[in-house]
Structure formats: C-alpha cells, structure tokens
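2 protein chains.
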Amino acid sequence: MSLLVIGTVAFDEIETPRGKTGKILGGAGTYIGLAASHLTDDIKIVSVVGGDFPEEHMSLLKKHNIRTDGIKVIPDGKTFFWAGRYHENMNMRDTLVTDLNVLADFDPVVPGHACSSKYLMLGNLTPAIQKRVIEQMEPRPELIVMDTMNFWMDTALNDLVDVISMVDVLTINDEEARQLSGEYSLNKAAKKILTMGPRYLIVKKGEHGALLFHEDKIFHAPAMPLEDVFDPTGAGDTFAGGFIGYIAKTGDISFENMKRAIIYGSAMASFTVEKFGTERLAELSQEDIQKRLQEFVSLVAFEI
Amino acid sequence: MSLLVIGTVAFDEIETPRGKTGKILGGAGTYIGLAASHLTDDIKIVSVVGGDFPEEHMSLLKKHNIRTDGIKVIPDGKTFFWAGRYHENMNMRDTLVTDLNVLADFDPVVPGHACSSKYLMLGNLTPAIQKRVIEQMEPRPELIVMDTMNFWMDTALNDLVDVISMVDVLTINDEEARQLSGEYSLNKAAKKILTMGPRYLIVKKGEHGALLFHEDKIFHAPAMPLEDVFDPTGAGDTFAGGFIGYIAKTGDISFENMKRAIIYGSAMASFTVEKFGTERLAELSQEDIQKRLQEFVSLVAFEI
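Those protein sequences? They're chains A and B, same order as listed.
Heads up: the first sequence runs through residues 1172 to 1475, numbered per the working numbering.
Heads up: the second sequence runs through residues 1172 to 1475, numbered per the working numbering.
The reader is advised that the hints may include incorrect statements.
If you anchor each label on the Cβ, the simulated ranges turn out as follows [said to hold, decoys possible]:
(1) B/Asp1333 with A/Gln1465: 24 to 32 Å
(2) B/Gln1350 with A/Glu1226: 47 to 55 Å
(3) B/Arg1311 with A/Gln1465: 34 to 42 Å
Rather than coming from a laboratory, the hints here were simulated on the basis of the structure.
Where is the CB? At the ideal position from N, CA and C, for every residue including glycine.
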C-alpha cells in the first residue's frame, strides 16, 4: 500500500577505522526509501537536492521503484552534505561538516498523487518541516511514524512536542527517550511519552536491539550480534524504513504485526552496517533478507 | 541433581537513592544458593564466615534446603564485609568499604559428601581459590560454571586464565569479555574466549539482557524492562544461581536447555533488584517465578 517518505537525500563523507569514502549517497530519506523498497513497491520520497546531485543517484532510487518527482531539484543550489568520523568502537562519531545548503530553505511540497498515501514516514528533520508534511496529507494517513533526535530536543523542543502530538509511532533511541521524558527507567519514560500523543513508542538501543511500547505491552527485539560493524551510518534510518516498509506491505497495524515489522527493520539495519553507506542495502536480494530473518528467529527462540 | 556452590557469604551495607540498609546478608554464594534453591534441592555451599555471622542468616540458607556444613565458621574472625553506594541511574556504584576479614586466608575445603557433586558453580572469587575447589572434585563434575570479574583480569590474569581453561561455562559482562579478549566485537571476543577452555560463554549485559555463545551458535536473552530498579546488588550472582539451578534440576546440558536456563537466570535476577539485598529472593513463590517466566516468553515472542 502507498507509502510517503519525507527525509534528507544527501551526500555523506564517512571515515571509519576501516577506511574513508568520497562523497557518497546518503540521507535519512534515501536509507528509509531503499530499505522499504525491498518490502513494498508504492513508495514516494519528498525531499530536496541541489544541481550537483548526480543522475546516477536518482536512478538508483528509481531502479528501486521509488517515485522521485517529490524530490525537488534546485539547479543553482548544493545538496545537503554531512561528513563524520567514527571512533574505534563505532559507537561514537564526530561530525566534521554539516552543510545544510538547499535544506536550509526547504519547504516540502507533497505532490498531489502522494497526499493520500496510506502510510507516512517522517525521517529525522526539523520538526516544523515534518509538520508541514502532515498538514498536506488528505485524508490523514492510517499510520504516521516519526523519527527524530536529541538535537531537536535541545533546539526546538516546543515544535518537536507539537509534531509528536500528531503522530502514531515515535522512534527514538534510549538516551533520547530519557531526555524527552526526564525519566531514567525506560518503562517510566515510555509511559510518559505515550501520553504525549503517540500510541506506539519504539526505543532503539543500537547493538542491544529495540523495545516497542504500546499501552501496557512491551516487545523486546534483539539486534544481530555482528562480527564486524563496517559503517553504522544510516542504521537507524534503515530500521525505520524496514519497519514502515513491512507495515505498508501488509497493511496491518496491529501490535502483533508491529512486532514483526520491528524484526524486519532490525534485519534490514543489520545489512546496512556491513558496508559503507547504502552499498549493501542497494544490492540486497530477497534471499538475503529471508535468511537474515530466520537468523533473528533462531537468535531468540526458546521454549519454557 | 547435586550442586556445589562456592562463593562468598558476607555482610553488605548498601546505599541507593531509595535508601540505606544496615549490615545485611550478602555475598555471591548466598545469592547463587538462594536463587538455585527455588529450582533444585540438593545444594551445598562452600564458604567461610566469622564468629559474628548470625544464626538467623545461617537458618535462612537451611530453610531453603541448602546444606551449610561447608561454610567454615572462624569464631574469632570477622565475616567479609562490603559497603557500596549506587549512583542515581543505578548503573554505577562506588565501593565504600571492602574488609576481606576471614576471606583473606580462605582455603576452601570441600566436605567429602560434596566432592562428587554433579554440578559446580564457582562464584566470583580469587581464581586460585576457585581452582582449589576444582582440584578437590572427584570425579570431575559434569558441568563447571565460573563467574569472575575485571578485578582479577587486572590483578591475577595468569591465575585467571589458568582456571578459565578448566571450566565449561564462563559468565562475564560485556566489558569484561572485551577486556579478556582484546576484541571490541562481542562475536570476535566470544570466538577467542571459546578457544581458552570453556565450551560456553555467557555475556551478561545488565539491562540489555545476555548472550550465550557456543560453537557457532548465539542465543540472545532479553532482560525484563523494569519500572524501578531498587537495588542491583547480587543481580549477576542471582542470574548465575538461576542458571545453574535450572541445569541441576533438569540434568540436561544441551544448548537448547542452556537457553532455558538463561531465561530462568534472567527471571530470578529480575526479582532480586526489586528489593534490598536478598529480601525479594528469599520470599519468592513458585507462582511468582512461573508468572515472570511467562512474561519473558511474551516479551520476545514474534512470528515471521
């Protein structure tokens, strides 16, 4: 079923202990779209790029059946650019460059055909921009999923809380859940956040997996313990893309199905970190995905 | 089936943001024994206490069907005493006092009836003392489980590696697995440690659960997300006690059964942190345990 993704389509330059990339394709919208494209097919992205954005990258998205006419091209502008360097353990990184470029004046316009998308995935962006997208949707999507980060808690808390009140599913990491709620216990944090609007809260814990909270129910999804993490960039976006992609594929927003969707998201994210940037995500086969899903099943299976 | 536990039986004084105890019953041997006692019945503890150790505490162990004649009483000595203070988030603590007292000269003597115990649980102690116990066992136990900590990696690495080479299951936390192996990736760390002697490695991750490594298999056990952690003291020991208690109850050391044993260990540990010291562990009912186990099943259940 139809999925609209809003998020950055960008250039990244990544340095890890394993090596360094040049300017490669990146951005939350890109990772979300590519991850979802392995699971469902009616996908549109709303974003903005500059005249320097190569046709090759646009073609990659199209090749994955992602409709790109919502990606506005500003011919004399430059594409959003982020550069970062990961520490030895890959759990921490330093941002070296953040050039907003065309993103600085981004006013998202949802193409007419996308306004009635059944599912809306708001990638991490300025909360006011996320809100502008929600306002253009008619009728309201069946499910609105929002990703965000601590940066907006520090700099635009009122706007952030406003958008959070409008969505169904919020995805943040454990430290962000603590910051947003003022509670250290994730149970207590979740209870507070679930009074702020969302009916579902997904707490991402990186190498420790993820927790889904809904009413008084909790689901704990594992992360796949990996031999090597090559490049963590985009793992959280890929997770979100796998999650919403599976929801869009199945059209089922029950708690039981959301649990499955989280496993799909975790499986997709476990691929992304195996190579630089979107490389592994772009080349995945259905067989790879099914095999990884079975590994997740084995990882946690026990009988009492 | 018969289980021998070696570990400290001690006094603890604990301060948390929730309050402060006086001198209460503590020690790895105590937590292991009490946790195991809810699952199996033929349990002996080898330890040492001073003349100040009250009959009331000894009675508590006996009430839980734990045979205590291996706990040597040194009438003019004082019992091992530890005092610590937890930080606000309960994940960090400062040690305020460590008085080894009678533990300083502890030379464990396994009573004749316990030398042939089928299962041996080595609680965290000086590696040389753990080894002295292994040497007294005849025949070799069917399964030897060893708990240890970073302190011995820093101060007695050679002795530690020597004992590790003699055991079947090693339980340490994630940072300790990294320190012992020199590998950041837990997969790589596990592969190295599994060449050092143990056939099974359990990596404890506190609020993030635990991982079991065996050959090329991995099992991920969740931790129960708790509303409040009241006092984390003894959680790791309780985990070990629940684990070995379930193994001793079932007499089955297959990988499949070890997975269940880890869930039992996790369930028992989730009780310990609900009150100060051994309070919650001592009062548990079978119904409490079964209910908590079902909560663990629900926590991770999904179908692909």
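Quiz item: Which of the numbered hints above does this structure break?
Solution: Going through the list in order, the structure violates hint 1 alone and respects the others.
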